[in-house]
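Protein chains in written order, with this note's numbering: chain A, 52 to 279; chain B, 52 to 279.
Be careful, since some hints might not be right.
Which copy is meant is left open, because identical chains are indistinguishable; a pair holds if it fits in one copy or across any two.
[To be verified] Straight-line distance between alpha carbons at most 35 Å, and here's what the computed DSBU-like set of lysine-lysine pairs gives:
no. : residue 1 : residue 2
1   : K264      : K201
2   : K229      : K264
3   : K54       : K201
4   : K110      : K201
The set of hints was computed from the structure by calculation and includes no laboratory data.
2 protein chains.
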Amino acid sequence: MPKAVVLLSGGLDSATVLALAVRQGYACHALSVDYGQRHRAELQAAARVARALGAQEHKTVGIDLSAFGGSALTDANIAVPTQGVQKDGIPVTYVPARNTIMLSLGLAWAEVLGAQDLFFGANAVDYSGYPDCRPEYMRAFERLANLATKAAVEGRRLALHTPIIAMSKAQIIEQGVKLGVDYGLTVSCYQADGQGRACGACDSCRLRRAGFKAAGVADPTRYFSAPR
Amino acid sequence: MPKAVVLLSGGLDSATVLALAVRQGYACHALSVDYGQRHRAELQAAARVARALGAQEHKTVGIDLSAFGGSALTDANIAVPTQGVQKDGIPVTYVPARNTIMLSLGLAWAEVLGAQDLFFGANAVDYSGYPDCRPEYMRAFERLANLATKAAVEGRRLALHTPIIAMSKAQIIEQGVKLGVDYGLTVSCYQADGQGRACGACDSCRLRRAGFKAAGVADPTRYFSAPR
């Protein structure tokens with residue numbers, strides 16, 4: 052069974068990607084990154100999701116991006132917006148270089164494991180404002196990865212898989228439901244509480260809620276206040 | 052004064068790069084990465100070097116790469132070689148994806164600071180066995196960086212500077228001596244002791260010692276045992 056590293060945030064998207072990778076026959080090594088995000092409940096959700104979907108193991112690597120600040124997700128001085136999904140420009144919830152850092156960590160673990168497949172739940176549809184969610188960015192990372200490592204130099208190329216990059220939230224949910232993902236285990240909210248309950252008001256909650264509605268799937272999310 | 056992020060390990064190479072960046076007129080923000088390396092004294096050296104060379108500030112970001120293992124520099128079960136510099140293949144002191152991770156962190160801080168210049172002391176001459184020290188790798192990272200960030204999307208491109216990539220160790224030392232670098236503050240040894248004294252036997256000590264000899268500069272390194 053070929054090994055794969057799967058980046059797992061604990062949210063809806065990466066849970067679906069893990070289910071896809073397991074279904075494709077990979078022995079999945081799930082990696083979460085504790086980058087100082089406000090929404091700590093996401094990391095606990097990642098551990099539950101990894102277990103439920105049959106990952107071989109789950110590691111969380113800590114790195115303190117709040118030292119740099121600059122994002123509503125890591126800087127307590129920047130408020131998470133709750134006034135509706137931003138239509139233009141790059142959201143304040145964008146974390147500088149986050150995907151580059153997370154993919155680098157995935158690359159490191161893949162090299163140690165001897166895995167040649169790295170799965171990442173980036174999505175360019177709902178998050179078109181995040182530069183590091185675009186397909187051209189993913190191709191550039193794959194190119195870098197294949198110059199970066201001992202494995203690549205020795206001919207064992209790395210493939211970066213982004214199976215949901217072009218899907219809508221509803222399509223992701225439909226895919227996951229077919230694969231038996233229990234979305235009640237996942238946490239997407241940018242400001243989830245200690246029990247993993249969602250605010251119902253941030254961009255991430257709105258996109259998720261709209262996705263369940265569009266997919267015709269009952270929303271299993273637990274909210275700490277009535278969703279707007 | 053334009054801002055630059057300078058990756059600073061505390062060793063000889065990156066100290067020289069910081070001195071070059073300061074001389075070129077950049078306001079330098081020095082970044083060290085605590086990746087679980089055995090040679091902890093290097094990080095203390097980085098703080099001394101940043102101060103001595105006039106960096107604006109110095110940050111150390113912690114990330115535990117020892118969770119992955121796979122390198123003599125982070126895995127206590129793999130011995131640091133002391134039998135002379137390895138001639139072929141990739142050394143066991145290679146840390147998987149280390150440079151990709153460190154450059155990603157530099158990119159993150161550069162974006163938060165609004166800096167468009169990132170300096171990195173990679174060297175392809177003495178470390179030709181490390182895939183992520185090659186010029187083609189550096190070009191691929193720069194390309195990725197300019198797809199990754201909000202700044203790049205908005206037209207503020209990032210330049211990755213690797214001014215010593217093609218220099219021999221002796222040339223680096225000659226350059227640094229001209230710029231007034233006090234190499235007695237730096238620590239290069241892979242297994243330096245708590246006081247920053249070097250073993251005199253690992254690859255890094257041998258390359259450094261040979262560099263001082265070739266440059267005709269007295270070696271200011273403090274050793275805990277007689278160098279071999």
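Classify it for me, K54 with K201: is the Cα-Cα distance of at most 35 Å met within a copy, between copies, both or neither?
both (17 Å within a copy, 33 Å between copies)
Please sort K110 with K201 into within, between, both or neither, judging by C-alpha distance up to 35 Å.
For K110 and K201, both the intra-copy (22 Å) and inter-copy (29 Å) Cα distances are at most 35 Å.
Alpha-carbon proximity context of K229 and K264, limit 35 Å:
within (16 Å within a copy, 67 Å between copies)
Using 35 Å as the alpha carbon limit, work out where K264 and K201 are close: within a copy, between copies, both or neither.
Close across copies (31 Å), not inside one copy (46 Å); limit 35 Å.
Violated hints are absent here; each numbered hint is respected by the structure.
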